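> Sequence:
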Amino acid sequence: MIRRFPRAMIALVFACVAASPSISDDAVPMPPFQTHVDMKTFMEHVLTPAASVIWRVNGVVIDAKGEHDLSPKSDDDWEQVVSGAATLAEATNALMIPQRARDPEWNFYVKKLADAADRAYHAAEAHDLKSISEVSDRLDGICAACHRHYGLE
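Taken in order, the sequence shown gives residues -24 to -1, 1 to 129; the numbers are from mature numbering (1 follows the signal peptide of the UniProt record, and there is no 0).
Keep in mind that the hints were calculated from the coordinates and are not lab data. Watch out, some of these pointers could steer you wrong.
Said to hold, decoys possible - DSSO-like mimics (lysine-lysine), calculated; alpha carbons at most 27 angstroms apart, straight line:
id : residue 1 : residue 2
1  : 87        : 16
2  : 87        : 106
3  : 106       : 88
4  : 88        : 16
5  : 49        : 106
As the list claims (entries may be wrong) - FRET-style restraints, in silico, Cβ to Cβ:
id : residue 1 : residue 2 : range
6  : 20        : 124       : 10 to 20 angstroms
7  : 128       : 35        : 15 to 25 angstroms
8  : 20        : 51        : 21 to 31 angstroms
9  : 46        : 20        : 20 to 30 angstroms
10 : 9         : 128       : 14 to 24 angstroms
11 : 8         : 43        : 43 to 53 angstroms
12 : 40        : 9         : 47 to 57 angstroms
13 : 79        : 44        : 41 to 51 angstroms
14 : 124       : 11        : 17 to 27 angstroms
15 : 36        : 8         : 41 to 51 angstroms
16 : 101       : 36        : 19 to 29 angstroms
17 : 55        : 21        : 17 to 27 angstroms
It should be emphasised that the depicted structure is a prediction, and the values quoted were computed from it without experimental measurement. Yeah, the Cβ is synthetic: ideal placement off N, Cα and C, and Gly gets one too.
Sequences are here, hints too, so could you generate the full structure?
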């Protein structure tokens, strides 16, 4: 019993030290969330590119060679849609950082965007073109409503 006790105490001390936050005097507590770029930059470099991948599934390009459907056809195409939808879904969390909220209605719009992005993600994972196309149209409406509300048009 005497030999076991010191080993158990040493293990307990190491576990507590490993689990505890830094105890150095240099440690500066970080706020739980912080923005790194302004809203315009966030929209331009994070949200719009991610949403564009989803919007593109309904796209058609017409050129000298004819009409070209932009919907995903290969596994690589679908992986791009999955990545765009996942990025958009996760980016909605960054929209809810308190410093980004413009008014009490802000998170109402963000929640709608998050729900649509989540649906897009699951549809893309399932290679469900019909559902991803429906979500693409829905995303367009959500973004347009938010931009109208906040005068971002």
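> Evaluate each hint against the coordinates.
Going down the list of hints, with the structure as the test:
Note on residue 87 and residue 16: the hinted pairing holds, with a Cα-Cα distance of about 19 angstroms set against a maximum of 27 angstroms. Among the hinted pairs, residue 87 with residue 106 is consistent with the structure: their alpha-carbon atoms are about 23 angstroms apart, no more than 27 angstroms. For a cut-off of 27 angstroms, the pair hint linking residue 106 to residue 88 stands: about 20 angstroms separates their Cα positions. Using a Cα cut-off of 27 angstroms, the hinted pair residue 88 and residue 16 holds, with the two alpha carbons roughly 20 angstroms apart.
With a C-alpha separation of about 13 angstroms, the suggested pairing of residue 49 with residue 106 holds against the 27 angstroms cut-off. At about 19 angstroms, the CB distance of residue 20 to residue 124 agrees with the hint of 10 to 20 angstroms. Take residue 128 and residue 35: their Cβ atoms lie about 23 angstroms apart, and the range 15 to 25 angstroms holds. In this structure the supplied range 21 to 31 angstroms holds for residue 20 paired with residue 51, their Cβ-Cβ distance being about 29 angstroms.
Separated by about 22 angstroms at the C-beta atoms, residue 46 and residue 20 satisfy the suggested range of 20 to 30 angstroms. At roughly 22 angstroms, the beta carbons of residue 9 and residue 128 sit within the given window of 14 to 24 angstroms. Against the hinted window of 43 to 53 angstroms, the Cβ-Cβ separation of residue 8 and residue 43 comes to about 50 angstroms, which satisfies the hint. Look at residue 40 against residue 9: about 50 angstroms separates their beta carbons, and that is inside 47 to 57 angstroms.
Taking 41 to 51 angstroms as the suggested C-beta distance range, the pair residue 79 and residue 44 conforms, at roughly 42 angstroms. In this structure, residue 124 and residue 11 meet the distance hint of 17 to 27 angstroms, their C-beta atoms being roughly 24 angstroms apart. One distance hint, 41 to 51 angstroms for the beta-carbon pair residue 36 and residue 8, holds here, with the actual separation near 44 angstroms. Roughly 24 angstroms separates the CB atoms of residue 101 and residue 36, a value that falls within the hinted 19 to 29 angstroms.
Judged by the Cβ atoms, the range 17 to 27 angstroms given for residue 55 and residue 21 holds: they are separated by roughly 21 angstroms.
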